[in-house]
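Numbering of the sequence shown is given in my numbering, commencing with residue 82 and proceeding in unit increments.
Everything labelled a hint here was simulated from the structure, so no lab data went into it.
Please note: incorrect hints may appear among the correct ones.
Derived DEER-like restraints, expressed as beta-carbon distance ranges [to be verified]: (1) G103 x K199: 33 to 41 Å; (2) K188 x Y231: 20 to 28 Å; (3) R150 x Q185: 32 to 40 Å; (4) K147 x G103: 20 to 28 Å; (5) D89 x K147: 45 to 53 Å; (6) E139 x G114: 12 to 20 Å.
All C-beta atoms, glycine included, are put in the ideal place defined by N, C-alpha and C.
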Amino acid sequence: RAAKSQHDLVKICAGRALRCAGSSDEVLTALGGLLRDPNSFAQAEAAKTILLGKFNREKAISLLLKALRASAGYEDGPDGIMDPILNTRVSGREMMIRALTQLQAQKEAHDELVKLIKDEGLTGGVFRALSDHFLKCPSEKARAKFIELYKRCPEDAREHFHGYLLKEKSPE
């Protein structure tokens, strides 16, 4: 019931509380509703619950992929860049990407994740989650898109690409 509340804080708390409810299909269905919620932080809590749980892998991946395209990239913190000293909340999109990586959904999620490597809506957290995913699960298409963005990004944004580009192990 709480996952269907009209109050954002209740939905965020429901996403956390469902971590204690087991890994049944009923719990996964409730999490799927939160993944599709417009509130980025409710999405993030639902994705984190899936990441930490022992749900059916195929069903969890399917729910995450259905919600990913419409997910919110909004994150909260100092300029959207993680500062470990401050309380920073990740976006729903970032946490969905991290859950897909944890579930080893490289084949299932590849095309959808590559589509997210673009100029619009690419926050620092989403960028880090995508680069972490594609360092763990290398992809020529993702690499090409990262390099394409790097070539045309503003100079003050280039440092965000360095972690990926320096760790990426392609022969080129």
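Right, here's what the structure says about each hint:
no. : hint                    : verdict
1   : G103 x K199: 33 to 41 Å : holds (37 Å)
2   : K188 x Y231: 20 to 28 Å : holds (26 Å)
3   : R150 x Q185: 32 to 40 Å : violated (21 Å)
4   : K147 x G103: 20 to 28 Å : holds (22 Å)
5   : D89 x K147: 45 to 53 Å  : violated (21 Å)
6   : E139 x G114: 12 to 20 Å : holds (19 Å)
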